[in-house]
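**Student:** As a plain string of letters, each chain reads:
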Amino acid sequence: MRLAIIAALSIAVLFPAAAFARTIDFSDVRNITSLSSPQISPDGKRIVFVRSRPDYTKDRSQSDLMLMDVKTKKVRQITFNRRGLGSPRWSPDGSSIAFLMSTMVEGVTDPQEEIFVLPLDGGDPRPVTKAEQGVDGFAWSPNGSQFAFITQDANPYKKQIDAHLDAFEVGANDYLHTEAAIPSHLWTIGINGGTAKRLTSGSWSLGTVDPGATSEISWSPDGKKIAIIHFPTPLIGNSLGAVIDVVDVRTGKRSPLTGNTGLEGSPDFAPAGNLISYSRNTNGDDTNGNAIYVTHVGGGPGKDIRAQIGRDINGTAWDPSGKAMWLFGPDGQRTAAWYVTLGGSTQRVNMGDVAISQTGPVARKTGALAFIGTTTGHPAELYYLASPKSSPARLTNYNGFITKLQLGRVVEMNWKNDGFAEDGVLTLPPGYNPKKSYPLVLIVHGGPQSASTLAWNSQNQLFAAHGYLIFNPNYRGSTNLGDRYEHAIWHDAGAGPGRDVMAGIATVEKAYNVDKGRMAVTGWSYGGYMTSWMTGHYNIWKAAVAGAALNDWFDDYNDAFYVYTDVPWFGGSPWNPKYTAMWRDQSPITYAQSIKAPTLIMGDIGDNNVTITNSFKMYHALKDNGVTVQFVAYPVHGHFPSDPVRSEDVTRRWLAWVDRYLR
Amino acid sequence: MKYSALILALVAATATAASARTMVLDDMKSLSGLSEPAISPDGSVIAFILSVPDYKTDRSIRTLMLYNLSDSGTRPLTAGRRGVASPAWSPDGKRLAFLSITGEGDKAKEQVFVLDMRGGDAAQLTHAANGVEQFTWRPDGGAIAYVTPDDPVNKKDVEHHLDAFVVGDQAYQEKAAPTPNHIWLINADGSGDKRLTQGTWSLPTATPPGPPASPLSWSPDGKSIIFTRMPNAYDTDGYLATVDVLDVQSGTIRTLTSHGKYEGYGSLSPDGSKVAYFYPFQGDPSAQNDILVTSPAGGNGNDVTADGIDTNVARAIWMPDSKSLLIAGHKGTDAALWIKPIDGTAQRLQLGEVQPVQPFWLDASVSNTGAIAFTGSESNHPTELYYMSSSTATPKRLTSYNDAVAKLDLGKVQPVTWSFEGFSENGTLTYPPGYDPSRAYPLVLVVHGGPNSASILSFSTLNQLLAARGFLVFNPNYRGSDNQGESYWHAIFNDAGAGPGRDVMAGIAAVEQAAHVDTSRIGVSGWSYGGYMTSWLEGHYNIWKAAVAGAAVNNWVDEYALSDNNVTVGIAELPGSPFVGNNIALYRAQSPITYAWNITAPTLILSDTGDVRVPITQSYEMFRALTDHGVTTRFFAYPIAGHSPGDPVRAMDVNRRWIDWLVQYLKP
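Residue numbers (the numbering used here), protein chains in the order written: chain A, 1 to 663; chain B, 664 to 1331.
Isolated chain B, as found in the complex (with noise of 0.2 angstroms):
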């Protein structure tokens, strides 16, 4: 493996220095994805996820793999198993356990494997007709946790398909109600394994793209287990979600806090005596995430990342000493560490041009010497290995999957700031390889989704596509983004496209000035919440040659009334229920359907049939509205479940759908 990679970067080295070419999309299938580091106790090793596409089978093969600090060597650990994620190691370091699923059909389902790092095939651990949705190890390594859902009550019933159910706060494309979660205890050598909680209330499930589900975690002693509890199975009301603490002999359960709702992501410190957990701002549930510390006895705690890293936190690891945590959280074009001191001032880590990985997590593990391994990019490198050996080192990049892409003449990426309505903004611009600042280039705005995410330093396939053929790319932040502060964040409250598309069009401004853009050849486009803005510039702003709107949320009755997210929409993005009074007249003036009539670009519709976070409704809508008022306009649509297709030959069809009605319509 490390062989056969240093020769061919070698190859590529010596064709870079002749002449490197420019990215295509068919450089797609040389990129590998890196993710869930898992460092050793000890700090010796680091596993984690390689995952390759396969374009003939269309799949991502997944393995876990094994990198050694001290040879620098990698090898795989697995071979041939599916789904294979969430590599954990045992406290004591010498078994490595992780979820593989298993069985077909309806029956395939994530159990728990345990590899003995002495050599053996590795072990199924659990047998959970539902599948595992997530476990951790106890402390003296003798037995795991782990989350799974109850069978259906009615089950019986279904198989004679008396299988209608009662809907409640769900997704409109559903075809159950969910089951509750609960958690279950099983001895590391697969004996006694029995069910720790029970009821109609419920652990959360994880909910792509998002987080991962709110994790257990045990205290030292392997007493107790700190998780978070829904009222019931369904996802949207986790929003009434608490950190409790479990018993485990008694069975007992006890509330930590006194808020009631919106906790999260409970974390007990290595030496038991401190709980960290996710809370919004003030209890405000449309302000960003903090990191409150209490005591595993009881009491709301206080807030320790308000001051002095205000920005919304990915994560939360508590380091060694238990005396502080790792916070990640993006700031600026970066996504930014801190070491936080429960009593003290937080230090940002100095990470030079490397971008951990944080979409909506940090993807990162830190060993019991205080060592980081995480995943991270650079504006001109994919997605590697990184690893600190401490929270002052440097980052030190460990792995070359990606030194193919990273080899190639790629656009230069580079920060744009700008001042507007009292907020100070920026957005990264990208510029085509070979950039003549003497010639005029068209534009393309490529709008990041969430809102709460941010266009940051990190590498984009999609940007560089755009920027080889030829395109100025502007991903711009805006109000909402997750990276300027509280403030920034929560302005986006009862404003979702009227603040933020100023903002936008203030920074179309800025770019003008940093570089040469042809104004008569703009373009906009996005997916998902970048698709909103996709759609509301188009209906605000009529400087527009092309769009491209991917997965928009076009209209915010369909959010509220057939999303995943629904309820949720009038809590933490608009002020109630559009049924209940005169809110419908607030839901309508921000959705962008309601300005459809205004727009005349020419407009490629994306989306997946089966999205239920922003479901294909509102594309129909946008759809039929601009066909019938005239506008150039196609639709395409992907059979498949889920909010973007993940899949290699799907994704790679999006970006060539994508990049090519820009090219046509603003003819780089």
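In isolation and in its complexed conformation, chain A is listed as follows (with noise of 0.2 angstroms):
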């Protein structure tokens, strides 16, 4: 880190930037520090956040908490060479933070995350929890006595498992699982550890298992009732069953809060206890994006306080007052933030041109706000906002080498298409030159509830540098235009969307010198969809690469995770007779016979979001019909390679293809 910096120095010393600036490499990349985890102080003085640096020799990345001081942008590091750290939370009385990090339990062998406090007034880190299966989420008591947390149940047929009967049965789970889904529960433990209570159990679950998501804590004020979700099964295919519980700490009873069926999320009381804020898609259709409600402990739904504003909100965090909240989600090309009081005003904060990554909670003294942040030409750094009426300040600048280097110019791009108006995200290559013509790369994103929008993106910024227009097309079902656009690829998951890309491409060709003769479509996840849908739709492509790429959306259904909640994309379960046209035709695999374009084919072995059957038709399909193509697979667990050596191989892989063919 330290040896870039002077190397950068020395070439600015002997040598004037402008003329002599290099393009962004791998080995730039690699230099890149993640931030996450903004977490401000209740007093407002202090942001503790999370630091991480790939280590390419370990292939991992190390964690350190980082604590900043607002006032003088002083930053110190708080912990040194842990592991599996993550999750800080400040003490309600600011004077220590919790933390999750990984340790040896007496009687397991793997590690395992467990809560751990740091004092602010000197000392290691001190164990709080003990837990055998690992703390998933947890949370302060409002008077900062104990924290209520989660932990996986004990696996109730470890005897049997343990003599080889390990059979077990199938439900909404997907094909990967080698046990039966064990369901999380809430319990809660003294800040200084000792005997945790059990607050929580049964078959339903407050989490689900691979994907871990996990249910929010929410401690009522008073600290007598928290607030969470329920989860019909430890399974993802089973959650759109999801509803938020209010659970009474003393006696661990619980109570539906709204009397809805399913779909909510993020419960979050507010400061004074008489409120509560949850996520639901809109009205209740699945097939929206959420709104955010706020309704009475007492219960029922409550009222959408994002209905002005209309977007796929994210993230959310109330206000010190309880009157208001900030709203956080994809805007046109931006990730913005709002501002929006219970009495109905809404204020879209000005960001300028900082894109929001990650936010924490607001300071319970001042309001103000901790969050990660990039622009196009900078990657994460920590960002302070002290009202919703200023504009954001950065705290830190470890990626400002990036800066330096000659990167490729960001813009905007907007356009009709059948009713809608849509837009995407172009990077030139740097030191375009509207003269000549430049072959054009499609990165479609994935989701497809998801966005691409004005912000640092190193693969584009890597392409570029190759000398090519990078387009991040936005299509029907993308979060950033609202609940009819994101509606809009329910029952039409490949042709809508697909008439969108090429309409973008149109409005790129009409702004920029493109050489039409050289085009690639590329994606991972439901980029990679669209990419085999739009090489076997459209015959325009030199060069495809398609990443875990959605193909046969029956193998969504019985494969992945996903199970029934595919179900709402088509209406009905694929075996039905009524619905199983629907499902095919809408799969890319379905016109595998009319790809043409050289196709890299990528994915994890244990991909259990789209599962590598997927890929395996599509390769044979592709071989079969003598189309070129080259099929990567990764050994591992997961749905992107997460590690940095496996990481980078696949953006080299990417880039080496389309160079091979559009260069």
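No lab work stands behind these hints: they were computed from the structure. You may find that some hints are simply not true.
DMTMM-like, lysine to aspartate or glutamate: derived pairs with alpha carbons at most 20 angstroms apart [stated by the list, open to error]:
no.	chain 1	residue 1	chain 2	residue 2
1	B	LYS838	A	ASP649
2	B	LYS1330	B	ASP1099
3	B	LYS818	A	GLU648
4	A	LYS158	B	ASP1310
5	A	LYS159	B	ASP947
Each chain sits in its own coordinate frame; assemble them with the hints.
**Tutor:** Now the structure itself:
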């Protein structure tokens, strides 16, 4: 890190920067520091956050807790070489920080994440829990005397499993499961440890297994109640039935909050304790984006406070006054913040060119917000926003070295199609010359409930540095243009989105000098779906990269963890003859015989999100029809290789394939 | 050993006379396995593998045993070794080589060990980093040729997590590209270990369940080795295999025939004058295996089993005269053996009630004197070691490891035959012990897998356990079975379900003539292709009150895209790739999942999560379809690799769940 800075300096001294600034390469991306989990102290004076740096020799990231003094912008490292560190949380009085960290627990073979408390007047972090299955989530009680935490129950079949009687009964799980999914439940424990007390039990769960969605834990300000998410089973496949329960801390008695039958999330007690906010798809229609409802603790569904904004909200925070909330979510090509009063006024916060990537709570005393943000020319840094009226201030400069490089300019694209106002993001090659024509590479976002916005994007920059125009189109189903747009992908998974993308390309071609003879389409996950769909429907591509591509909706329903959560896409089971054709007609594999573009297929063998079965089908289909295809598999678990070495390898292969056919 | 066996047998015999009880699940604990008999060159002793289940450690304890024909004594030759397999006598009969696993964790690999029969511990001969797939003594006994996989070319990268691999025609759960197998030579004293072949091509690997990989075969002068050569290391591309000849001295390789594919299992006659090899009838990959005999100088040779034998050949072993072959294959409801003179008429051996073990491969060996040792069973006696002093002798049962089960009150097993759509068809019927023809019994079908296999009059644990619970148990053969000749074998090609389904229904009608069936209580069950048949029959005939579908092939597209057979499905089962032209319609029409919405019978689904032969995806599909349609179904998955649980504890658990489900819904 320090070496890199020196090298940059000496170049700057020896040569005029403008002439010699080089473009970005993989070695630069290796030096980017990641920041996460910003947590502002109750008094608003300090911010704790997690700093992670990749180690390509050990092939892992080292995460440390950092403490920022807002006034002086001085930052201090407060943990050293700890493993599996995350989820820092201030004690209510601001005197200590609790966090999760990997540690060995007696009687358990593998390290587990447990709660530790780090006093801010000196001393090592002190262990609190010794949960055999580890802690999935926790929250300080309002008076700071105890924690509520979530841990998975012990496997009741352990004895049989040890004796190899380990056959398990299949339910709404994915096909990579090798044991029954075990529920997680709510416990409390004193901040000095000791015996934990179980508050809930049953076959329902406060979380799901792999992927591990974990309930929020929201204490009522008087410490008597905790709001949680009640999942019907520990499986994502059943998670449409998730509702909010309020648990009485003394008795463990539970009662549902709203009377709704599902789709609820993110419960959060208002500071006064009389109200609770929660998220739910607009009007309880799971094909809509998330609205934010505020209801009385006494119950009922409450009121959508986001109605005026009409955007898909992915984060909230109560203002200390209890009379307003911060809402976060994509809006057009920006990641936006809104300040909404319960009285009905809405203010969109002026973020300038800063894109929010992660937020935390607001300071209880001052109402200030800390967040991790980026710009199109500067990777993640810590930002501070004193109030909804002020402008964001950057507090750190971990990644400033990137700005010294010659980057590609990032511009927004807007177009109209099928009655929608649509958009996307275009990254120009560094030194773009409008008199020259450039090959065009699409990198299509996944989700589809996601959005490409004006933010730092290493992959776009790496690719642009090879002389491409990089286009990230949004398409119906994206989360940045409201419910109608997001809703429009349901029952129309490929055709409509495909037309949206084609209209976007036409717009790019009008504004910039595209070499129409050299275009590639690429993407991962639903971006892989879009890639397979586009190559199967439009014969304009010279190359394609389909990573973890959803090619067959049947596999998504039968084999992946989605199961019943896929049903709303098409209205009924794919095996019901009434719906079979719809599932099939919207699967890219159905059109595989139309594909001509040389295609690189990638995926993880252990992907339970978009199962590798999808890629095997497309691989054989392309090969059997004489299309140039290479299928590269990663022998790891997960939807994308998360370690530094393999994740870079994915990007390298992706870029090399594009270079081979377009450069 | 011998003493205690005799005493136990006596006690059991005494009990039988009074009132032998019927078989129960726990009797599986007393069932021993016998396999891989290797008769010494002079025919005096037989080495074999004894496999005894240990339910505490959930392992089968494998011991290399020696049976002495002169005094009928048996003694163990190995103690405490892991994974003992593949015993092979040195040509002079003075040493016995075998494979055993050594090393721990990732380094646990099979290596060749050699026992000096004058006494002494087994000495480890090979130290192949990636383990030994197979080995063969050179005819002079001075060296052993063995096959071992190469290291991955990017081994260093893989250690640094750059372990992404280019996928080929391989199964969907593999975590690396396969590396080629090659031939090495090592002196019998452990010196001079050296590689004989190299390249991106490969020798085949065994992919269980199935036969062993095509064995190496030496010329008598030790100058050349016949082997099977695949174009690459991907097992599935093994259909492109040829029989090749390696010149050991120069390392040059030539291909024996002009077929260019579908060959395997080349074997030189003892005098080195002929080569016998496997090749499908008339070169049709969807036809049964025949034996062709040619000259080691080259040429395609002649098919010697098409006439007279006309069955799928499971194995061909040269007799010492170099003029005839011992041929094995299913015939009707028997496992048959023939002596086939190269220039004469095949003679079928008289085996009485004895059924040599030959799923995929005849488990037998022949001495220089022409004596035959094999493992086999009878319908009322589990597997033992058998011996024929010559091909014309009557088989003699040498061992009594499974007498305890044989002495139980077992169900009688009889063949059932019927004619249908121009085929003469058959199956086996197991009666409940104490069957009373005046009473009606519920009927359970246990349909064999394959489909190129057959139900014969051998001992079946599951049949007997079901019969003991009061069921008539029917094992139908159906077109595609390997017991009625080429036309029957071939008839399943591109007719995977409909024809076989009608065959089974005709078989049920024949059973109803032969025994007193309660036609309101019929269940269907099976594993693998037997699971396919179960799902197919459930979706097409509404007569079932219960079903058990284990590792069921429910979707041919998954078999083609994901299984370890993958692209060969489009060669041997269906005409082409599902992704080409309109073939998808053929694949769908012949996939049981297409008819899932018709199913009403309560269905138990079982599968291994790590099954690559029939990927578990197909069980998930059926489970979702039945659940979504409100059909009673439960699905239990075993979190292990393999096509069916092979360890004692889980294998018993499969039988328990299977039987309990049928008992619950058919109430015998």
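**Student:** Run every hint past the structure and note whether it holds.
**Tutor:** Tested hints:
no., hint, in the structure
1, B:LYS838 to A:ASP649, "holds (16 angstroms)"
2, B:LYS1330 to B:ASP1099, "holds (17 angstroms)"
3, B:LYS818 to A:GLU648, "holds (19 angstroms)"
4, A:LYS158 to B:ASP1310, "holds (19 angstroms)"
5, A:LYS159 to B:ASP947, "violated (52 angstroms)"
Going down the numbered hints, you'll see the structure goes against just number 5.
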